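Put the two chains together into one complex, using the hints given.
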Amino acid sequence: MAVGTRRVALPSVAVGWRGPSGSTVIVGLLSLALAFLILSPLLALLYGALLNAAPGTPGTLSFNAFTEAWSDKDAWTSAWTSLWLALARMVIVIPITLFLAWAITRTNMPLRRVMEALIVSHIFLPFLPLVMSWAVLASPRAGLLNVGLRSALGLQQATGPLDIYSYGGLIFLSALGLPTYLYLLVAPAFRSVDASLEESARMSGASPLGTLFRVTVPLLAPAILGACVLSFVQALQSFEPELLLGTPAGIFVFSTQIYRYIEGYSTPRYGPATALGAVFLIVTFILVVAQTRLLAGRRYTTVSGRGFKTRPLDLGRWRWAILAGVLIYVTFSTLVPLATLALASFMKIYGLFNADWFTTNQYVKLFSNPKLMLALRNTLFLAAGSATLGIALTVFTSYVFVRTKIAGRGVLDLLTWLPVTVPGIVLAVGLIWAYVGFVRLPFPFYGTIWLLIIAVTITTLTTGARTMNGTMVQISPELEEAARMHGGSFVQTMRRVLLPLLTPAILSCWLILFAFALKNFVTISVLYSPQSVVVSALQFELWSGGQPEVAAALGTVNMLFSIMLVLAYTLLMRRAST
Amino acid sequence: MRVQALHKSFGKVRAVDDVSFDVRRGEFLTLLGPSGCGKSTTLRLIAGLERPDEGEIEVDGRLVTSPRRGVFVPPEKRGMGMVFQSYAVWPHMTVFENVAFPLRVRRKPQSEVTSRVRNILEIIGLAGLADRPAPDLSGGQQQRVALGRALVSDPTLLLLDEPFSNLDARLREGMRVEMGELQRRLGLTTIFVTHDQTEAMMLSDRIFVMNGGRVEQAGTPREVYEHPASRFVMDFLGRINYLRAHVARLTNGRPGVRLADGAEVALVVPDGVAEGSAVTLAFRSADVELSMSVDGTGWAGVVQTVAYMGGREEYVLKMAGSDEIKAERATENLTLGTPVRVSVPPHKIRVWAD
Numbered sequence: 001m002a003v004g005t006r007r008v009a010l011p012s013v014a015v016g017w018r019g020p021s022g023s024t025v026i027v028g029l030l031s032l033a034l035a036f037l038i039l040s041p042l043l044a045l046l047y048g049a050l051l052n053a054a055p056g057t058p059g060t061l062s063f064n065a066f067t068e069a070w071s072d073k074d075a076w077t078s079a080w081t082s083l084w085l086a087l088a089r090m091v092i093v094i095p096i097t098l099f100l101a102w103a104i105t106r107t108n109m110p111l112r113r114v115m116e117a118l119i120v121s122h123i124f125l126p127f128l129p130l131v132m133s134w135a136v137l138a139s140p141r142a143g144l145l146n147v148g149l150r151s152a153l154g155l156q157q158a159t160g161p162l163d164i165y166s167y168g169g170l171i172f173l174s175a176l177g178l179p180t181y182l183y184l185l186v187a188p189a190f191r192s193v194d195a196s197l198e199e200s201a202r203m204s205g206a207s208p209l210g211t212l213f214r215v216t217v218p219l220l221a222p223a224i225l226g227a228c229v230l231s232f233v234q235a236l237q238s239f240e241p242e243l244l245l246g247t248p249a250g251i252f253v254f255s256t257q258i259y260r261y262i263e264g265y266s267t268p269r270y271g272p273a274t275a276l277g278a279v280f281l282i283v284t285f286i287l288v289v290a291q292t293r294l295l296a297g298r299r300y301t302t303v304s305g306r307g308f309k310t311r312p313l314d315l316g317r318w319r320w321a322i323l324a325g326v327l328i329y330v331t332f333s334t335l336v337p338l339a340t341l342a343l344a345s346f347m348k349i350y351g352l353f354n355a356d357w358f359t360t361n362q363y364v365k366l367f368s369n370p371k372l373m374l375a376l377r378n379t380l381f382l383a384a385g386s387a388t389l390g391i392a393l394t395v396f397t398s399y400v401f402v403r404t405k406i407a408g409r410g411v412l413d414l415l416t417w418l419p420v421t422v423p424g425i426v427l428a429v430g431l432i433w434a435y436v437g438f439v440r441l442p443f444p445f446y447g448t449i450w451l452l453i454i455a456v457t458i459t460t461l462t463t464g465a466r467t468m469n470g471t472m473v474q475i476s477p478e479l480e481e482a483a484r485m486h487g488g489s490f491v492q493t494m495r496r497v498l499l500p501l502l503t504p505a506i507l508s509c510w511l512i513l514f515a516f517a518l519k520n521f522v523t524i525s526v527l528y529s530p531q532s533v534v535v536s537a538l539q540f541e542l543w544s545g546g547q548p549e550v551a552a553a554l555g556t557v558n559m560l561f562s563i564m565l566v567l568a569y570t571l572l573m574r575r576a577s578t
Numbered sequence: 001m002r003v004q005a006l007h008k009s010f011g012k013v014r015a016v017d018d019v020s021f022d023v024r025r026g027e028f029l030t031l032l033g034p035s036g037c038g039k040s041t042t043l044r045l046i047a048g049l050e051r052p053d054e055g056e057i058e059v060d061g062r063l064v065t066s067p068r069r070g071v072f073v074p075p076e077k078r079g080m081g082m083v084f085q086s087y088a089v090w091p092h093m094t095v096f097e098n099v100a101f102p103l104r105v106r107r108k109p110q111s112e113v114t115s116r117v118r119n120i121l122e123i124i125g126l127a128g129l130a131d132r133p134a135p136d137l138s139g140g141q142q143q144r145v146a147l148g149r150a151l152v153s154d155p156t157l158l159l160l161d162e163p164f165s166n167l168d169a170r171l172r173e174g175m176r177v178e179m180g181e182l183q184r185r186l187g188l189t190t191i192f193v194t195h196d197q198t199e200a201m202m203l204s205d206r207i208f209v210m211n212g213g214r215v216e217q218a219g220t221p222r223e224v225y226e227h228p229a230s231r232f233v234m235d236f237l238g239r240i241n242y243l244r245a246h247v248a249r250l251t252n253g254r255p256g257v258r259l260a261d262g263a264e265v266a267l268v269v270p271d272g273v274a275e276g277s278a279v280t281l282a283f284r285s286a287d288v289e290l291s292m293s294v295d296g297t298g299w300a301g302v303v304q305t306v307a308y309m310g311g312r313e314e315y316v317l318k319m320a321g322s323d324e325i326k327a328e329r330a331t332e333n334l335t336l337g338t339p340v341r342v343s344v345p346p347h348k349i350r351v352w353a354d
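So the sequence lines, in the order shown, correspond to chains A and B. Throughout the first sequence, residue numbering follows our numbering, covering 1 to 578 in sequence. Throughout the second sequence, residue numbering follows our numbering, covering 1 to 354 in sequence.
Hint data in this document are derived by calculation from the structure and do not stem from the laboratory. Any given hint could turn out to be false.
To be verified - Facing chain B, a subset of chain A residues (Cβ under 7 Å, in silico):
no. : residue
1   : L197
2   : E199
3   : R202
4   : T503
These numbers come from a predicted model, not from an experiment. Built from N, CA and C at the ideal position, the CB exists for glycine as well.
If we strip away everything but chain B, and leave its shape as in the complex, we get (with noise of 0.2 Å):
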């Protein structure tokens, strides 16, 4: 599948702009961003359930979607399966209407239809519950018909629009788990759109980090969280602590940057930043390293409030020059007021200019 060059507004709202990206086959994509970042309209634009302003879509090389050419192909006739937000089950339908609904309208044989259903209830187990009415299940229950309903005319693609969310949190885990292994399982082409970076982590080959409507970064669950390229895709994707420092050169004569108290730090920053100007380290609570040693290396910093979170704790600490930081270890046992060595591995700092 190939998109190109999309463009979408809504009045004055640019909801998607340029936005271009291939999907291999088998491949689960993630478009992964905070609400109104255009990932929604992305998903509908693909799905034909919205008209792009400009840009082309393809599927398996036949073209669906291309306002230029005059092209748009109604999203019945594209072959994909979609799971909804709120699930849009049928209320008036049974489990077994909802699922046999895209073979009912393609006028499958009734036999086909019965063995189908059957096998695609087995698989997303519910086939106890075929003649229940859509609006007696619960919540897991109505996505689970949702998925079977997508999954039943084995579609080219399969669009998943947030369909966690609506979950509570520990349905949400197991779903999640599932929804992985069946889409390996039957080497389904999938893209999924989702506000949450855990899902989006655990679940995708690729993901593309969007805001304001652009792609802000492309690349496996690894590359982003790593190497973020931007201070959005950084904070975006974990908690991140900031500290306000200067570039310097240090005693050692090699380059780095100095923090308030002093401290320096041996790191590569950007090209073009100069000597003095102010950047901020930034790095996440993971990643801090604690040592009680007060003479020892590292940043003075001062225990102000404990959370203790079951198995670990999460420290929030007081440095020089007024910046808070939060530190997350597995149980140290630190009071308030402890003083303490903070450090953290360089290769796991960037620096962005101010």
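Just chain A, with the same shape it has in the complex (with noise of 0.2 Å):
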């Protein structure tokens, strides 16, 4: 099999050097628009950092910010706070993560592909809503759980027995959210051991445990390590539930402190935000360096094509009892929430369930919201706009990495790995920093839609090029080949043969990207103007406005979308596998 490993020559590069042909130039002129994105707000974060002043103004070379920093108590409770909490979830994500693909991937337990469906489903949803369904589920007074609890227990307090303003509440929601997540990149390579590895172990005399732990766990261990390292970096990422929960509770860790430097000041406090910001978005960076660095030379292929196959465990009888732990799980992290805030949003006060005070008022309420209208529509193109620019420029650097031999599409990969370990809050100041600060544009950009989907676009790349590299992998390169070979031009190679092989997964991503838009709140909430507000940025206001209610109303719109979001995916996906 000739798949992958070989590249195309695109035309005059593999041939020497020629004098810069329009290939090579064009290739050129896209790299350095694709670092430009990328680079620019981190840079210029790292050199606003160092200037005594706010974005915009003229200031000299100090170090004022990093001292103004360092003598802020708040900063250091916050880095400390975001450093153990996200030990914390660490710790407890990862063997839920474990639990779930090793169930579902490699054990014959039942409505495996339901189960796996709703867990994917999950990275689809928006933030907002469901850390404002929480907070009604498991809010110390009135909680509904708590409520329940209280009167099953026969307890007599007024408050409790839980919190989801605490640190225990926000372990608890990643622990629901994180792992959904991380399946995607371990349930892979659960998929890729080839169960003939494990029976050669039984043959060899070694039993279900042994082999378990001396052959599945070991060949295991990189990606297991992987996800632990990235667990811990989108934990210390987390901000929506530390705005909305941990706030309230005087809890803030790094990127919640820097939104305070930002918006809960008179005048916004760029020194210390900016300052905290280029610590962790040194401290990330290291991290995932580290994990690439940790993994490169452990990377084991164990797919061997003939013979290959994956043989499920057979459970027994204790499938269904695997059964209910995946369905306890999916339930809580998905359904519950969604029909909470459904509910919610019926109801005459926030949190409060009552059949008599059933009310549609709060959804008139919504839709006479003058802002509701330019939202839907900064929403729709935001997503669209950003989804669709982060698709053409992931194909385009998968195309020149994986296909081509031309120098330096290493370093074009490696600009699309950047995004994930850039945490959004610290993407945001450093984008004010960019185009506030440093770059001078002919026509209005800060504050308009386009900043942000500038800013989306960023976040986006890094899912979008792991998935196009994957998929151009796969496609063997004799295809294209075969095509030049019967007359056709690089043009239409790319156009009849490449393209339409690529579809699927170019609408399927596009999905993705689009959900990811949709549910971005970090990145906007510091960036976003009143001519720019979107849906997510609608829901905080509200929120914060003193109508949760409302919230929950176009809360609860944001998630029928989403699911038809999910919806679309999945079918997509199913006549993709047919």
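Pasting the structure below:
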């Protein structure tokens, strides 16, 4: 099989240097544009951290920002909280992820495919409505779960036993959300373990448990280690739950602390915000680099072509117990919060449930909100625009990286890795520095929807590039070579062979990027203006502006739309697999 | 070893359908058949990697599988060795660690592990590569590791699941010879699964030809090749020519068949086939004899294509009645369009009723 490893010669590129040809120039220009897009906010942030002035005002080089942050107790507390909270989350999240991946990919648990679809669909769901829903479910006084638990356990106290506005609450929310994301990373590794590697251990005299610890776990070690680091980084970057649930409880992590520096003072304190952002940018960058280094020498290609098979482990009677475990997880991560939010949006007072208080008034209020139509329009434009731009850029980078021999293609691929290391709030501060401070454009840009499109596109590049690389590697270069041999030009080959083959992957990836844009709040939070308001921002305004019921109504609408995206994605995947 | 009335279905597919056989100590037994014939499933049932729906398996007088009596010994307790099609060499271990694994899980003392693994690596010719990480090995070396691992704990039974199919042609030939020698030298009872009839012929004491989950024929390579019990077996074991004919009483009064051009062949016709009914004559290309004398005995044909195969030639001959047959000969330098006479020794021809 000649899949993936061979590279196509772009016209005139592989034949040696004959002066810059058209394609070289195009590739060069696009690469520069991409590098500018990704690097400008990061470099602007690092440089801005060394200026003793706000973005856009003249300043001189100094360490003022760092000394200001250094002497601020809040900055220290938030940094410390971020680190230990991320560690605690990692410890909780990894076993859950491994359990889900193992149960679905390696056993004969019933309803595996349904469970997988439900888990994967979670990444489509927006953050804010989920968090708002848990505020109803587990608020200390009136939370539904608390009321239920108090009466079930016969407790006399007026609050508790659960409190979502706490460290425990934040960790709990991560445990429900992060594994669904990590699942996507771990499941392919679980699937790629050739069953005969395990069977040969059994034939060699190892018990099922011995096989698990001597063969299966060591084989999966790289993937598990990768998931650990990634879960830590993801937990470190978490923002929405901390903002909605942590802030009222006086819990600040570095991301919400940066938000507070910018939005919580009469004049934004860009100095310490930038300094804190720069520090965490470097921390996450080092972590991700360390992870790739750590795993570089330890990637086992266990798929061995012929004779490859994965036989599910027969769980016997335990299959129902395992299914129950997965089902409980799926119920609490998706179904319960969805239902609660929808129900709460029909109540007079948010968080209190009573049949007499049923009202559709919240929806009337929502649809008479003057900002709603603008927000909906902006959101659709933002999501479609950033998904399309993200796909276009990553199809380009993947083609250059996977298929050509152009020097420096590795750098291009590295650029697409960079956004995953940048916390959303840090990217936002970097964009402020770049487009308010340094880059002067002849047209209004800062505060427009276009800035948001650029911001969100950057965040989608890593996911897009991974999907496109993966798909491109699976398409044999011989298919393109055959087209060239039979008279197709480069452009014709792209248009008639490669793009049609990529279409299913492009469509499904577009839907994912669209959903990412729809649920994004962290990057948008400090960048949007009244004219570029989007649905997630409006939800937060309503929530923090004393109208949580209307926020719930908007959240419900948002959820319904996301569910439609999930259905479209599922249909697409099903058609692609048949 | 004894296999008794084994049945296994996957959904509606009957993968193994009433298979029974005995294997003698030291015997090399081959399960031969096309893909999907149930040979690999039979092997996996013996290994204990699959549970049968019905039937019993007994090794050295010990019952290891019997759904009826509720007996199922897990694979690790059966003391067998197995070489997988993909080799299944563990990529996170060195050559030494791979081969040592069966001894390690049986908690053998370190000194015994070292000496046994050294010994095995010597036998399989990998003594110099003990500390090499498994992913750095070539296909042939990986296969040796898989074999060494299967042999290291003195298995009662060696199971080979298409072990040569991932090797290139040259390497495959060498490994075949080596494995055959090794098996005889160590006196290993071996069950071998393959779809390659040449491999089966070379290595086996007995061949079981399988089709559709059933054993079509069992016997020594010579028996199976020279006396195929069915059209399927004959077809599978070599290149076959078919000629249409009718059962007839020959001009000399003896029973036989008549071809489309009127040529007569004295043959023993299967019982119960009436005179005048259509039959097919089947024979191997290698058994076809050609002569250039146009008036000689034999069936008339014309050379249609010639393929030079290096040292021998393969001819496609057009026969009367539009049948085509293939003949393999040492070079006779026939050119296209040459009329020839074809004859096949009657005892090499098998007659199947249509």
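Which numbered hints fail: 4
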